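Colleague: Residues per chain are reported as follows:
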Amino acid sequence: MNFAIIVASARVRSGKTLLARLLAENFILAGARPALFDTDPVAAPLSARFPADTIALDLERVTDQMALFDELAAEAANSRIVDLSHQSFRRFFDLLLDSEFVQEARANDVEPVVFYIPGTDAESFQQARLLRDRLGDCPLVLVENAHLGEIRLSIRHGDDYRSLADSPLRMVVPALDAPYMTLLEEPGLSISEFVRAPTVRMAPDMRNEIRSWVVKTLGEIYRVLQSLQRRMPDPRPPSPYR
Amino acid sequence: MKPAVLIIGADKGGVGKTTIARTVLDYLRAKSMPARAFDAEFPRGTLKRFHPGSTEIVDITATGDQMKILDTLTSSDARITVIDIRAGLLSSTLRAFHDAGFFDAVRAGDFNFGLFHVLGPSVASLEEIAEVMPYAENGAYFAVKNFVNETSFFDWDPAVKAKYFERSKDAADINIPKLTEMACEAVELAGVPFSTFIGNKTAAGGPGNYSLVLRGYVRTWLMQVAAEYERVGVLKRLSPGETPASVA
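So the sequences go chain by chain: A and B.
Quick note on our numbering: the first sequence kicks off at 150 and runs consecutively.
Quick note on our numbering: the second sequence kicks off at 5 and runs consecutively.
Please keep in mind that the hints were generated in silico from the structure rather than gathered at the bench.
It is possible that some hints are incorrect.
Each pair of labels, with its calculated beta carbon distance range [said to hold, decoys possible]: (1) B:193 / A:361: 31 to 39 Å; (2) A:243 / B:193: 42 to 50 Å; (3) B:209 / A:179: 50 to 58 Å; (4) B:244 / A:379: 56 to 64 Å.
In silico negatives: residues of chain A with every beta carbon more than 10 Å from chain B [unchecked claim]: (5) 222; (6) 329; (7) 335; (8) 371.
Quick caveat, the model's predicted, so the values are computed rather than measured.
Every residue, glycine too, gets a C-beta built ideally from N, C-alpha and C.
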């Protein structure tokens, strides 16, 4: 079983690409080679990081919509990760829900899942809940990105937040001080390399801070993916018609 | 339910009349309403290509073929007979049917009649309406604007529209929404009814292997078209005064 992971947010600059990158590294560290998709064909941030493994698409174009969804639903040797740009958000989910994408992906042993990063305001959580309800049995993982700021207590006590928080499909991207984050975002720095055998020279305490954050965040990702895998019904026997 | 005749015509070519006829056949099938179709695009028949089982090709200018349609209205299992008239032949066909006594029979209550008048985007359409609408005096008239190819239509002047529409007791507007070009083309290429394309099957019933995304587009569009037909009550108007139970 492989995943078709969609990293989404209704807002700009919410940490989608960072999360997509971490998800990719999670699979890479496990020895796999995930297929990645940029939906911002101009900035194409994932393509910059993983040039050999990323396809950049423009979801305004029907041909690119077809390329993305047909690919995401197809049988796979690896998981796939889509960095869903804020501009493409609405069109993407309309397409996902108007077509038989989820059904067809599952028929090919591909499990779609949305990792959704809300903002910190009440409306964000309302939108998250609406999206989760729309998605039906396609799971939504709520990702709280600590870099976006504190979520006020009044919001945490609200219905939307509580309804979303009451699920094992939740994770946190913890805070990492700005100078360390800047280093992590350097073009030359590969997270998997950093974890295995770092080649970039840096002061030991800096290295420890960053390593600690990476391990914690990858741990969150691993936990959630395991949780998703456990929910899966027993794999269907191979279709006699293939 | 009394047999009903639904004529789908246009006085201008290229307005998407046959596309609309195809959606009507899918709609009637979805509503479990037995229907048959006559494709007056003699001899080539585009409608027959897509709905071969339910369509017969006729030469609507030939009296013999006109009789073939009209004489079998009561005997046919189909409750609704859809006739896709070749572009430019609408007025003359209506006249021929009139001369054959069809509209007298409609007035006498033997049959129900509906007209899907597929309009072109220019103001000249208003004159076509004036010419054609009188035939629908005792039936249902539907002015159909086809936005499938995103043509922009002139805006109806409310006073002018009222003047033209008051002549039919039962006139309605239908807007067929746009369907993205690649999806249209894919269905054309597949040569199957819209519902079959959505079901990802070929005409023979095998796997269609059509794009997931294009199937989604067609499905959403066909649902919007069906919603329009529901909104204006196409079936109800083709069987006025009959109880809902007798109409699917």
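Colleague: Checking the smallest CB distance to chain B, is residue 222 (chain A) really beyond 10 Å?
Modeller: At roughly 6 Å from the nearest Cβ of chain B, residue 222 (chain A) sits no farther out than 10 Å, so the non-interface label is violated.
Colleague: Over 10 Å from every CB of chain B: does residue 371 (chain A) meet that, or does the non-interface label fail?
Modeller: Check passes; 30 Å lies beyond 10 Å.
Colleague: Does residue 335 (chain A) really sit off the interface, with its C-beta more than 10 Å from all C-beta atoms of chain B?
Modeller: Nearest chain B Cβ is 37 Å from residue 335 (chain A), so the label holds.
Colleague: If I claimed the Cβ atoms of residue 209 (chain B) and residue 179 (chain A) lie 50 to 58 Å apart, would that claim hold in this structure?
Modeller: Distance hint for residue 209 (chain B), residue 179 (chain A) is violated at roughly 43 Å.
Colleague: Check the following: the C-beta atoms of residue 243 (chain A) and residue 193 (chain B) are separated by a distance inside 42 to 50 Å.
Modeller: Between residue 243 (chain A) and residue 193 (chain B), where Cβ atoms are some 24 Å apart, the hint is violated.
Colleague: Residue 193 (chain B) and residue 361 (chain A), beta-carbon distance inside 31 to 39 Å?
Modeller: 57 Å, violated
Colleague: Could you let me know if the closest chain B CB is still more than 10 Å away from the CB of residue 329 (chain A)?
Modeller: The claim holds: residue 329 (chain A) sits with its nearest Cβ about 41 Å from chain B, beyond 10 Å.
Colleague: Using the Cβ atoms, figure out if residue 244 (chain B) sits within 56 to 64 Å of residue 379 (chain A).
Modeller: 59 Å, holds
Of the hints listed earlier, those the structure fails to meet are numbers 1, 2, 3, 5, in rising order.
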